[in-house]
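Using the sequences plus the hints, can you model the full thing?
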Amino acid sequence: MSKLRVGIINITGYAGAELARLLAKHPMVQICAVTGRSAVGQKLAEVFPHLSLLDLTITSDIDDADLVFSAMPHKASA
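In terms of the numbering used here, the sequence shown opens at residue 135 and continues consecutively.
Don't read these hints as lab results, they were simulated from the structure. Keep in mind it's a predicted model, so treat the numbers as computed, not measured. Ideal Cβ positions, reconstructed from N, Cα and C, are used throughout, including at glycine. Take every hint as true, because none was put in to throw you off.
Quick list of the computed label-pair ranges, beta carbon to beta carbon: (1) Pro161 with Lys209: 28 to 38 Å; (2) Gly175 with Met135: 27 to 37 Å; (3) Met162 with Ser204: 17 to 27 Å; (4) Lys209 with Met162: 25 to 35 Å.
Right under this line is the structure:
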């Protein structure tokens with residue numbers, strides 16, 4: 135069975151970073167994209183050294199994912 139390709143919107147917040155940490159350990163999940171306005175273009179490991187096992191660049195959008203988690207602040211997502 136193939137891994138579920140997951141994206142995370144707003145990786146640069148606490149909830150997004152914690153979600154990435156948890157999902158990175160899941161055997162059936164591959165984090166394929168992450169967004170974060172304040173860090174677009176930076177390597178995820180530069181912003182969050184504890185997530186260095188994920189070789190991703192923070193982008194402004196997510197193009198190809200099976201599932202996308204939103205970790206936006208309440209007011210922004212309402």
